[in-house]
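Going by full-length UniProt numbering, the first residue of the sequence shown is number 1, and it counts up by one from there.
Please note: incorrect hints may appear among the correct ones.
Only pairs whose alpha carbons sit at most 27 Å apart, straight line, appear in this in silico DSS-like list of lysine-lysine [what the hints assert, rightly or not]:
#  : residue 1 : residue 2
1  : K112      : K35
2  : K104      : K44
3  : K62       : K121
4  : K57       : K131
5  : K35       : K131
6  : K112      : K131
7  : K134      : K108
8  : K104      : K62
9  : K82       : K104
10 : K62       : K82
11 : K60       : K108
12 : K15       : K121
13 : K134      : K35
14 : K15       : K57
15 : K63       : K6
16 : K35       : K73
17 : K117      : K131
18 : K112      : K15
19 : K82       : K15
20 : K112      : K60
21 : K108      : K57
22 : K134      : K63
23 : K60       : K82
24 : K57       : K82
25 : K82       : K63
26 : K15       : K73
27 : K73       : K22
28 : K117      : K45
29 : K134      : K52
30 : K82       : K134
31 : K15       : K35
32 : K60       : K6
33 : K121      : K60
34 : K108      : K82
35 : K35       : K6
So the derived label-pair ranges between C-beta atoms look like this [as the list claims (entries may be wrong)]:
#  : residue 1 : residue 2 : range
36 : K73       : G124      : 32 to 42 Å
37 : L58       : V83       : 42 to 52 Å
38 : E70       : T20       : 16 to 26 Å
39 : S125      : K44       : 43 to 53 Å
Please keep in mind that the hints were generated in silico from the structure rather than gathered at the bench.
Glycine included, each C-beta is placed from N, C-alpha and C at the ideal position.
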Amino acid sequence: MEIILKEDVVNLGYKNDIVTVKSGYGRNYLIPTGKAVIASPSAKKMLAEELKQRAHKLEKIKKDAEAMAEQLKDVTLTIATKVSATGTIFGSVSNIQIAEELEKLGHKVDRKIIVVKDTVKEVGSYKAIVKLHKEVSVEIPFEVVAE
């Protein structure tokens, strides 16, 4: 089933993308929650017209994302957490803690756009990816240390 996304959906696509999903996912989750609409011919025409009109605004959004990426490019984080005697973390470090650390440094980043590929369960160095725009992302190194 083809749908048009009305907002960014993690691991699926970005706003105004036309994507193919299984019909149950589309009909039972994406469409009722307002995240997507069915990609009918008329909806595709409306999308094309809207994209034509919004090209200027999209360029500004991309430039803002690139400016934010430039600010975050040289940022390295140190996250202090409670650790057992063997060096294992109680719980894990997730995108929430990374967003809080970025906020302490003066960078307001939504936690939903931060992706941590590895599960962080031990003290050490890791990398997180901040997806600011569908074409702009920044890799932020962070180190987990004992509190």
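Comparing the hints with the structure gives:
no. : hint                   : verdict
1   : K112 - K35             : holds, 15 Å
2   : K104 - K44             : violated, 43 Å
3   : K62 - K121             : violated, 34 Å
4   : K57 - K131             : holds, 19 Å
5   : K35 - K131             : holds, 19 Å
6   : K112 - K131            : holds, 9 Å
7   : K134 - K108            : holds, 18 Å
8   : K104 - K62             : holds, 25 Å
9   : K82 - K104             : holds, 19 Å
10  : K62 - K82              : violated, 38 Å
11  : K60 - K108             : holds, 18 Å
12  : K15 - K121             : violated, 33 Å
13  : K134 - K35             : holds, 17 Å
14  : K15 - K57              : holds, 14 Å
15  : K63 - K6               : holds, 21 Å
16  : K35 - K73              : violated, 31 Å
17  : K117 - K131            : holds, 13 Å
18  : K112 - K15             : holds, 15 Å
19  : K82 - K15              : violated, 39 Å
20  : K112 - K60             : holds, 22 Å
21  : K108 - K57             : holds, 21 Å
22  : K134 - K63             : holds, 12 Å
23  : K60 - K82              : violated, 42 Å
24  : K57 - K82              : violated, 45 Å
25  : K82 - K63              : violated, 39 Å
26  : K15 - K73              : holds, 25 Å
27  : K73 - K22              : violated, 37 Å
28  : K117 - K45             : violated, 37 Å
29  : K134 - K52             : holds, 18 Å
30  : K82 - K134             : violated, 35 Å
31  : K15 - K35              : holds, 9 Å
32  : K60 - K6               : holds, 19 Å
33  : K121 - K60             : violated, 39 Å
34  : K108 - K82             : holds, 25 Å
35  : K35 - K6               : holds, 5 Å
36  : K73 - G124: 32 to 42 Å : violated, 22 Å
37  : L58 - V83: 42 to 52 Å  : holds, 44 Å
38  : E70 - T20: 16 to 26 Å  : violated, 35 Å
39  : S125 - K44: 43 to 53 Å : holds, 46 Å
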